[in-house]
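**Q** Residue strings, one per chain:
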Amino acid sequence: FGPCQVKGVVLSELWKAFWAVKNTVQAQDNITSIRLLKPEVLPNISDAESCFVAHALLKFYLNVVFKNYYNKRVEFKILKSLSTLANNFILIISKLQPSQENEMFAIKESAHRRFLLFQRAFKQLDIEAALAKAFGEMDILLTWMEKFYHQL
Amino acid sequence: ATCVSGGLPQPTNITFISINMQNILRWNPPAELQGAEVTYTVQYFIYGQKKWLSKPECRNINRTYCDLSVETSDYEHQYYAKVKAMWETNCSRWAETTRFYPFLETQIGPPEVALTTGEKSISITLTAPEKWKRNPEDSTVFMQQIYPNLKYNVSVYNTKSKRMWSQSITNHTLVLSWLEPSTLYCVQVEAFIPGPPRLIQPSHKQCVSTLEDQASALKVR
Amino acid sequence: NGVAVLPAPQNLSVHSTNMKHLLTWSPVILPGEMTFYSVEYQGEYESLYTSHVWIPSSSCSPTNGSECDITDDITATVPYNLRVRTTRDSQTSAWSTLEHPFNRNSTVLMPPRMEVTKDGFHLVLELEDLGPQFEFLVVYWRREPGAKEHAKVVRRGGIPVHLETMDAGAAYCVKAQALVKTIGRHSAFSQAKCVEVQGESLPL
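Chains as they are written, first to last, in this note's numbering: chain A, 40 to 191; chain B, 148 to 368; chain C, 155 to 358.
Take the hints with a grain of salt, since some may be wrong.
List time: in silico DMTMM-like cross-link candidates among lysine to aspartate or glutamate, alpha-carbon distance up to 25 angstroms [said to hold, decoys possible]:
| # | chain 1 | residue 1 | chain 2 | residue 2 |
| --- | --- | --- | --- | --- |
| 1 | A | 116 | C | 198 |
| 2 | B | 278 | B | 337 |
| 3 | B | 307 | C | 318 |
| 4 | B | 197 | B | 252 |
| 5 | B | 307 | C | 198 |
Read the hints as simulated data drawn from the structure, not as lab findings.
Since this is a predicted model, take the numbers as computed values, not measurements.
Generate the whole structure from the sequences, applying the supplied hints.
**A** Below, the structure is given as structure tokens:
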């Protein structure tokens, strides 16, 4: 992701896990008039900013989306996919080291504004709807990650 | 025209068939109404936007497909489509697709494959599959421009030795040299992209024979 | 409900080779009917964020053998906790948990089996199909003093791959090592295998 090199995670495992439950999870999202990962949040991000955005989004998925999903009564197939995605996200985030240098402040701020767009849209929904929508939009997130992700 | 909704069973197997970003919605007639004078109306929806949109050319049609390539041409967006069947004064409830993401789900058509043979060689020239375009005179966009990590898998089969081998390439030319003369070789190429599981369409198998070995031809004379 | 009256399985351990992970334990010998076992796993995420969550193994919940192929359950390069218990009708044992979490980056990587052949002047290699996680670094050279080595990454095993167009009268050798990107490791190189091309060497 731009300055953060992420090695050792093969996105095909994440794709396989998500694809196995894509239609099931997206069918649970009835509010089709709202898209959390809007075109303004993800595409056209500079390399430098992508690291901050990735870190913020992945952290949100780990702390909020996946965590709450585990507390729902989900079918076994979804639980398995959830585990694969969550454990790979933990690995990615452990390797994402966003720069803390001062001159990156403006970029960090811009990244934070993008993340807030996503987070605000998430919070405007009822939690169950928001979880289903965020999980259902992982194809958008993984597509974006694939473009930035530098493999070994 | 108003109709009694739910009076008919829904169309079935409604899905987008997408190849090189040409996105065609297809469905099957309601089970018990094969052959009846059923007509269909299609609507589509851009995920994240507000309302269902109609396509006039796909209102009250009796065919079971509708080309929504124009309406779904922004492949970074995601879409839904729905169809309802009408017959006399009755109509079905809407039957809806799953969420369709052209960027991830379009099939990559095979490249065009041109073979030219030499005495002991075959030159393979590939032309990348083209993205669907609205008008023939629109500028051409190759699928490789949309998917920079697109690769080709070239499979070569020697009909004499019955051996097959393959090679993965990213550029558009490959010269197979030091082949056996006067031998029929068959070539097939498929394009593939790392990422989510995606249907692949290999090219038609093309067979050409290498030329006669000139040296032995001269000896014979 | 099932009170823990059955003895719990002992000596849990994981044997992992070429990214195939096998959990084994000592069988529990009980008189009468067959004894079954249930296997569950928990990745680093579950243990950190939702420690109450354990996920039944895809292929061994239940099983009647004393081993379980957990390859499809271990889908990230993070530590996994694993546990097994004995079950019979409604009776269960206590859980036995693997002493140390298992991380697939500890798998033993063996050099790939390979078949080196030729089709006329073409050097063809077929590598063992070790699954989608594997790629291969293939090194080949012309067998002559001071020969230069060439390297190529082969993305998949199980299909014959064209390596090189050879010169008549020459011999070529090949060796390969397995690469696993998800754990950032590779195997040792295989033994080299060589083939020779008939015919006298060609005029320059």
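**Q** Which constraints among the numbered hints does this structure fail? Numbers only, ascending.
**A** Violated hint: only 5; rest satisfied.
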